Every structure is written in C-alpha cells, then in structure tokens.
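Visitor: Can you build the whole structure from these sequences, using the hints too?
2 protein chains.
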Amino acid sequence: MKTLNELSNELKKKNIRLTHQRLKILEYLYNAKTHPTVEEIYSALKKEVPSLSKTTIYNTLNYLSELNIIKSLIIDENEARFDGVTDNHGHFKCSKCGKIYDFDINMDALAADRLDNFEINEKTVYFKGICSGCLSKI
Amino acid sequence: MKTLNELSNELKKKNIRLTHQRLKILEYLYNAKTHPTVEEIYSALKKEVPSLSKTTIYNTLNYLSELNIIKSLIIDENEARFDGVTDNHGHFKCSKCGKIYDFDINMDALAADRLDNFEINEKTVYFKGICSGCLSKI
DNA sequence: TATTATATTGTAATCATTACAAAGAAAAAA
DNA sequence: TTTTTTCTTTGTAATGATTACAATATAATA
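Residue numbers (our numbering), protein chains in the order written: chain V, 1 to 138; chain P, 1 to 138.
A few of these clues could be false.
If chains are identical, the list can't say which one is meant, so a pair holds when it fits in one copy or spans any two.
Stated by the list, open to error - Keeping only pairs whose Cα atoms sit at most 35 angstroms apart, straight-line, the calculated DSBU-like set for lysine-lysine is:
1. LYS33 / LYS96
2. LYS12 / LYS137
3. LYS24 / LYS47
4. LYS128 / LYS12
5. LYS96 / LYS13
Keep in mind the hints are simulated off the structure, nothing from the lab. Owing to the predicted nature of the structure, the values given are computational and were not obtained by experimental measurement.
Guide: Next comes the structure, spelled out in structure tokens:
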C-alpha cells in the first residue's frame, strides 16, 4: 500500500507535475492488484473525482508508461491493461474468471541463439489457462 | 512452401470446407513469413481475389485459430497478427523496422512455483528491441 | 499575486473488429 | 447431373477502444 504522500514524493523526484488526477490514478494502480483496464480505473475513480475524463486516464497512463513508472500489458486483444510493478515478472490469465496473476520468472535465463547481435530491451512472458480457484470449483 | 494442393488435403483431413478464399489466405499465411496483419493479407490478395472482403479474412483467421491450425499473436496493441506455425516459439519485434522474428525457445523450462495447481494451456514469450540489421545501419 | 507552462476535459474523429442479413458456393442427396 | 441443404462470403452498418484537438483549468515559478 502506497500513500498519496509517498506517491507525491516519487513524482516530485522525477519532475513530474503533481495533479490530483495523476495521484489518484497512480494510487489506484499501485493498490489495486488487478492490472486494471482504463474502463475499470474510470469506474472506480468517477465517484471520488467526478470531473475525471477517460482522456486524462489515457494521457496519464501513456505518459507514465513512457517514463517507465508503470507498465502496459497486452494480455488479450481489445484492452490495454496497466501494472504498477515494473520489475520483470510473468502474467497468467485465467480463461474462466479473467483474473490476472503475477508470477516470478527468471527472464535472464530466457535466451535465444538466433538473437545474437540483437539488442533486447524488453522481455514479456504470459501464460493462459485455468487458475487453481476455478479448477477447484469444477 | 506449401502448395495449394497440400493445403487442400490438410483442410480435407480436418473436415474444413474447402473454399477458394480459405485456401488463398492460408497459402499466403504459410508462405509469407511476416506474421501479417489482416490489412496486409487483404492488400496482398485483393488483386488475385478481387471479391475478397475483410470480414472473410477475419472469419477465416478466427475460425482456423480456434481449430489450432494457425495461431494469433498479440505483439503490439492495435493489430492482431497471425502465424502459420503453431509450434511454440518466441517472437522478437524490432522497434526500428517493425519486423517480427521467430526464435526457438524451450517453453517447458519456463515454470513458476506460484502456479502450482494451475492448468497452463498456453505460453507466450515475446521480446522487443533492435534487430541486428538495424543495429548495423547505425 | 501574476505569469507561464502544462494538464484536464468533452467532443468528435479514427481505426480495428464484429454483427447481420442477403447472395453465393460447396457438399450431400436424389 | 440436378436438386437440396448447409455453410461461406460479402458489404454495410454498428461497436468499442483509443486518439486528436481546442478550450478551459490548474500547477509551478517568478
């Protein structure tokens, strides 16, 4: 759980303009562990920040994503998802309940001969299947 | 290079109705190694099959994808890409030239403790960076 | 506080994808 | 082969996520 104060300091350090919207969006992203979509963030914050516009959410997420403060995921078509954790880790999406789980993985061990002389800047790993929760309900 | 004849037999074996469009789309997908988008397939085949509609391409690709005859990729936002090779392999996308390279990778070695008791049906690995061709041009 | 630079907002535009219904083609039956 | 049935193709319109843009509002700075 990060407080608004901690988030403020983080942004200040990086010379990112502090706005109410940015802090709220970041707060939500860090504390929700759901890898939310823009839609989810919008619905969740509308009550607290009634003026909030989706464009702002897109702007903010894209901006922070470029600065590597958050990470955008592409797990399924149609919807971008966002993650407050930028360390490399894998994602698992349950096809039944739709939930996304994080898991640790050693990306350095992922190497490919054919990519010698390539500059690799980003490694992504995701799995799909059925989570233990859904399996136990069958 | 697969011929139309070979493709016909493949579809017949699986009881998939043979149509001119399906064969042409599959032929293109198998022989182009570019992981094309729907747009690319459409532009490439329009001359040969003037009646071809994008809806047909979507229908065909989604259908064959469900049957595991081809594979759909999500490497970047916005556009679905398709791959005639369904064996597990990784994809590398060059941020400079946009080209997508295949590479072999041992997916079985990818395991995560936290996913014990999960049923994993699909593993995806993709990298981003700059390919050797683009690097040598700098 | 006044000024300047940047962010937010709402609306309209864009672009990939899907829904749908009519027309056409392939497979099966006669 | 011809007829019938079933499935596919097509074009158009609808959908839904995302972006462009210009006016307004807010944060940082002097």
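Visitor: Are the hints correct? Go through all of them and say.
Guide: Going down the list of hints, with the structure as the test:
no.	hint	verdict
1	LYS33 / LYS96	both (18 angstroms within a copy, 33 angstroms between copies)
2	LYS12 / LYS137	neither (47 angstroms within a copy, 38 angstroms between copies)
3	LYS24 / LYS47	within (12 angstroms within a copy, 52 angstroms between copies)
4	LYS128 / LYS12	between (38 angstroms within a copy, 30 angstroms between copies)
5	LYS96 / LYS13	between (41 angstroms within a copy, 31 angstroms between copies)
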